[in-house]
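Peer 1: Below are the chains, spelled out letter by letter.
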Amino acid sequence: MSTAREEILTALRRGERGGNSAPAPWRSRQQFDDLAARFTATLTGLHGEMIRAASADEALDRLGDVLRDLGAARVVVNDEPPLAGVDLAARWPGIAWHVVGRTEGDLRAFCAGADAGVTGADAALAETGSVTVSSGPGRSRMASLLPPVHIALVAAERLTSDILTWAAARSGDLPANVTAISGPSKTADIEQTLAIGMHGPKRVIVILYGE
Amino acid sequence: MNEVSFHTFRADAALAIANPHLQSAVDGATLKFRRDRLRALADLPDVEAMRDHFKAMRAATLANLSEHLEQFERQALAAGAHVHWARDAAEATQIVIGIARQHGARLAVKAKSMTSEEIHLNAALDEAGITPVETDLGEWIVQLAAESPAHIVVPALHKTRQQVAELFTREVGRPLSADDIPALTNEARRALRKKFLAAEIGISGANIGVAETGSIVLVTNEGNGRMVSSVPPVHVAVMGVEKVCPTWDDAAVWLELLARSSTGQPLSVYTTAITGPARDGDADGPRELHIVLYDGGRSGMLGTGYEEVLQCIRCGACLNHCPVYQEIAGQTYGHAYSGPIGAVLVPLLHGLEQYEALPHASSLCGACLEVCPARIDLPRMLLDLRAEEVARGVIAPPEQALEKSAAWLLGHRRLFGLLTDVGRVFQRPLLSKDGLRVPRRLNPAGKRRLPSLAPRSFHALWDELAAEEEAVAGAAPVKRAVRAPSRGRIAAVIGASVVPLVVLWHLLRRRGGKR
Ligand code: SF4
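Chains as they are written, first to last, in this note's numbering: chain D, 1 to 211; chain V, 212 to 726.
For reference, chain V alone in the conformation it holds in the complex (with noise of 0.2 Å):
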């Protein structure tokens, strides 16, 4: 599977940083949501309390998760869905690909849905012989392109025009410019409107399930999601377990947030609540509807330090607001979910062994806490996964070792100042107007200069600080306590410092290059 080490992310991560286009486009993408955002935000009333209200409601619901579940399907049967539970990938792709089976379908039309990402579903259908086809715009481009999403709400972010048009050329069998946006999206709606009308089946994930009527609730502004519940004869729907809430007006709520967040929209074009299959009488409609609740690991996360994840709604917010995420973009992440909410559910999902890196793409600035509708403390669960990694050795030893040692030098002033005294001997040759010159290969920070230390320590600076205030208070001035240190004492320290830190550095040089 796509496992993502410390060295495949790093490299990643670099090929992102040094890709203008992905760089602009990410920028563009994520300060135009940031601003859409806010405006949108501050149109409601007391949105920080109904933000309050939002993550209250949702842990309630995750507190009784069995019960809304249930509450749910029995609603859901009542208005005529079939209701299907897949504990693993594997079963819900084979869920979906039984109903298709059972229509004869060859062809199914997928509307922008995140679990089905999440469960490989399209590999799935290809390999049953059921062509899927994205109708998402931005997922039919990554589809065509036949690469994984840059970013959880704008797919294909990472094209340019050029790149777009060359791939529509190729599926349309006809020239395309790439000087007009709105004709090559045209051209889409033309290839995909044909889709809509021959597929047999209709495929999507699920925005919310209200448990009070058996409702699942599908948003998308393209309508892509109106298209593949109304227009073929069957509709399966894919829905985390966790997507559930108990009420219409809880339901209001999250959608009064959820667009706002993510596009800063107050409301998505199209929010459309689905109970059950057509009726009789009905003009038009699916004659089927399948829900499947997907659990793919949600239930172990309950009642654990990890419980939170499961209130995102899936908004983006998060993305938008990290600084790592706009420096390495989506598919560094190795996984359709990226940014600081791919960074804990991912390994939480997949394991933390194959995704070993993820839990460290943050600076832990904490801008996506500020920013998540739900409040979610991502920033702590990434400490927490670090801390687990540790724990279970996915930290290689030396780096350990090494850590260990910095945590304890840094608990003890005396020692600490005197290393550092002595690195500002040793520094002087290196030193330079914009930190210190280390030869390329032994340069742990790579191309980046290493900053050089101050010439006077923070504490030396504090310790004379308050020596003034004091005397300035009145009291009896006291002597300043900054002493420099003696060559005696210097080179002792050479000695037992010198060796084991050289022999460290380059033991962590070594796990960055080697895994």
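Chain D extracted, bound-state conformation (with noise of 0.2 Å):
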């Protein structure tokens, strides 16, 4: 090894007080009635966008609207619940489909001129409105990152308080890539103007589905 990192770890334990002070985990205080209210709540705060479905088939036939309305001709989705095995191509024939994982050809450049990208979540966080999507097979980083438009599609059971219940009930390894989302990019650096969509999506749709 690295006679820096020897040299470092040794200035280190030479100041190092020592002892185990560490304080008992804290725990989430957060008691909401409703989780999927507050959720509502602060992800249109953030002016993202919140819709709500009954079922997962329910949820696609809301993203059949948002996609319509948006007038989406190229759509990058990620290969993943509620989305996986989902014909899109026969049930939305207007539309150029990129399924991450499957559809040949240059994923970046697709997601880079892509009216939207369409992915599903692996928690969404109360408190805070934030979506959580991960990296892995037929799952894109970029999907949700590089098209104007990010819709995420989340079953309501994946509702939990905030981070801190989020990190509880974390366990095992962590995908390389693990982001939560809270509404649209901003910025607000000229002049204290706030600014939408600076080099993440302009618009964060959340579908919310089920019970």
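Mixed in with the good hints, there may be bad ones.
To be verified - Here are the simulated DSS-like cross-link-like pairs (lysine-lysine), alpha carbons at most 27 Å apart as the crow flies:
1) V/K658 <-> V/K644
2) V/K243 <-> D/K202
3) D/K202 <-> V/K406
4) V/K644 <-> V/K615
5) V/K405 <-> D/K202
It is worth saying that the hints were derived from the structure and are not from the lab.
Fit chain to chain and form the complex, with the hints in mind.
Peer 2: Structure representation (structure tokens):
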């Protein structure tokens, strides 16, 4: 191992106070009566958009409505629930689809030119109006990042109170990339004036389905 | 390097104070951040207890920092990341340049990172023939203007929309209007999008390192952190060794407090946890992830009276609440770290002699301590640094003599009373409604009016009050203890005091002007 490593560690050990004073983990004290209501309120407050659907099927119908309203012609979609296995081309024939991991061709170039990216989400944090997306086979990081619109389909059972409850429920290995997304990309770097859509999507639409 | 002497500091502060645009920009931004912070923290149950917990967690982590770093390294390696260690800025920049060269990189996109500012990574990359492009909008503006950040969270705070439009016009080669800020932002989106897609390497800092999984956490609102870590084939993250925490439970508390303290958001728009490079079968993501663990003088602070400063999470709350920062703004501090945290951290990182004025950039009001999510006692450390300046002779001997005489004088009540009595006589010709009218050349306060001595001293009023209370309490009435000084005593004191006072006065003025 490098000398820099040894030197830094030695210097740290020299200064460390030692002992075991680590406090017991802090647990969330949030008590939301209605996780979905809180999630909706926070997300819309962050300029995100929220659509409720009773079932996964209805969520796909709502997705169709959104894509039609957008006039989307090129859409990248992650191959994950509840989208995996859906015959997109048959259902929405007017759209050029790129199904991550299935469609041939340059994913990055497609994402950069796509009108929308559609993904699932592993969790929804009620407190902060966030959805978490993960990397993996069939799960592109760029699908929720490069297109101007990100549509995330989330099962209501994935709602959790906040990042503390998310961390407490977590176990085992993490995917290479997990991102909590709280509304559209934004900046206020020019004269403190809010501008939506700096690098990431300008619109984030969450379709929350199921009870 | 960027020395900040008493002289340059005063001159820069005066410039900042005389700049009306800067003043209103800083006032507006800090006021908004203060309000939003309060609102965001109010949403958390038991937030004060949570801050106590956070402080305890940070302190406990530092108490065994080497172990946590070793665990972090083990886990990061297991996830497929490369881990490098850098003792100083030269080592850190060489590591980054080496990785870039290995991949033949000519263009590097950078997410907002204070650590990379600290090691002057851009200059080093430039010199090595690799073009660094800042992709945080504020950092990009500051980079295009070849300036330094005015605030650790909002770097381009000081630029007007007109100035931004000019800079962008030059960059995109088309005239852009300053009227429409979203349109300007859109231009930046388009220009920087091209850079993201063209860059061979992405560079970021790391807000948090989580030891249990070897993950780094990146937090941004614009998405620059996601971009540099997802789009280019190689991602390099430079992380200060103090940014590690043991578990995800700890990281979650950190995240609950970070954005709330900083911009008053519940969570930043993008919170990304990165655990190694793209895995086999992953749809996309960088093939390589390099984590540079950077010491840069931090290990030397462990176990000293300044250890607490390593608990800092760079939220910027102390800047937003500092009455001195609000007047002088970031550039006056002569370093990317400004405000109260900069005033403590910069002299510790780069030398008290080089940044002698910074520990004095505080009124010691204590606001920074009150708002700091980690409850870092910055006022105490500012005082400790000042004491060190005295001990190390950074403060010039004449001023030290003056301060010592003042301390001695204040410790001798009788003499002090006598001298102020004398002062009351001598100030008479200078008295005006709002203080003393001292000829400009002789006025140590410059343009400001010196206050006059009150007609009666606090001591005299106090004695009087005490006497009255005793009388009311029914005790034997005490004769008033207030004595008028005799003319003879006044004459005696004048000779003994005025001459040395005038001498010291001028020495003090020279110190301000010469350094
Ligand atoms: S010292 Fe405290 S308040 Fe200031 S930036 Fe660091 S964590 Fe935030």
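Peer 1: So, for every hint listed, does it hold in this structure?
Peer 2: Right, here's what the structure says about each hint:
The hinted pair formed by V/K658 and V/K644 meets the criterion: a straight-line CA distance of about 16 Å does not exceed 27 Å. Taking the CA atoms of V/K243 and D/K202, the gap is near 23 Å; set against the 27 Å cutoff, the hint holds. Proximity of D/K202 to V/K406 is assessed by CA-CA distance (about 19 Å); at most 27 Å being required, the pair is judged to hold. Between V/K644 and V/K615, the direct Cα distance comes to roughly 32 Å. Violation of the 27 Å bound is thereby established for this hinted pair.
Among the hinted pairs, V/K405 with D/K202 is consistent with the structure: their alpha-carbon atoms are about 17 Å apart, no more than 27 Å.
Of the numbered hints given earlier, the model fails hint 4 alone.
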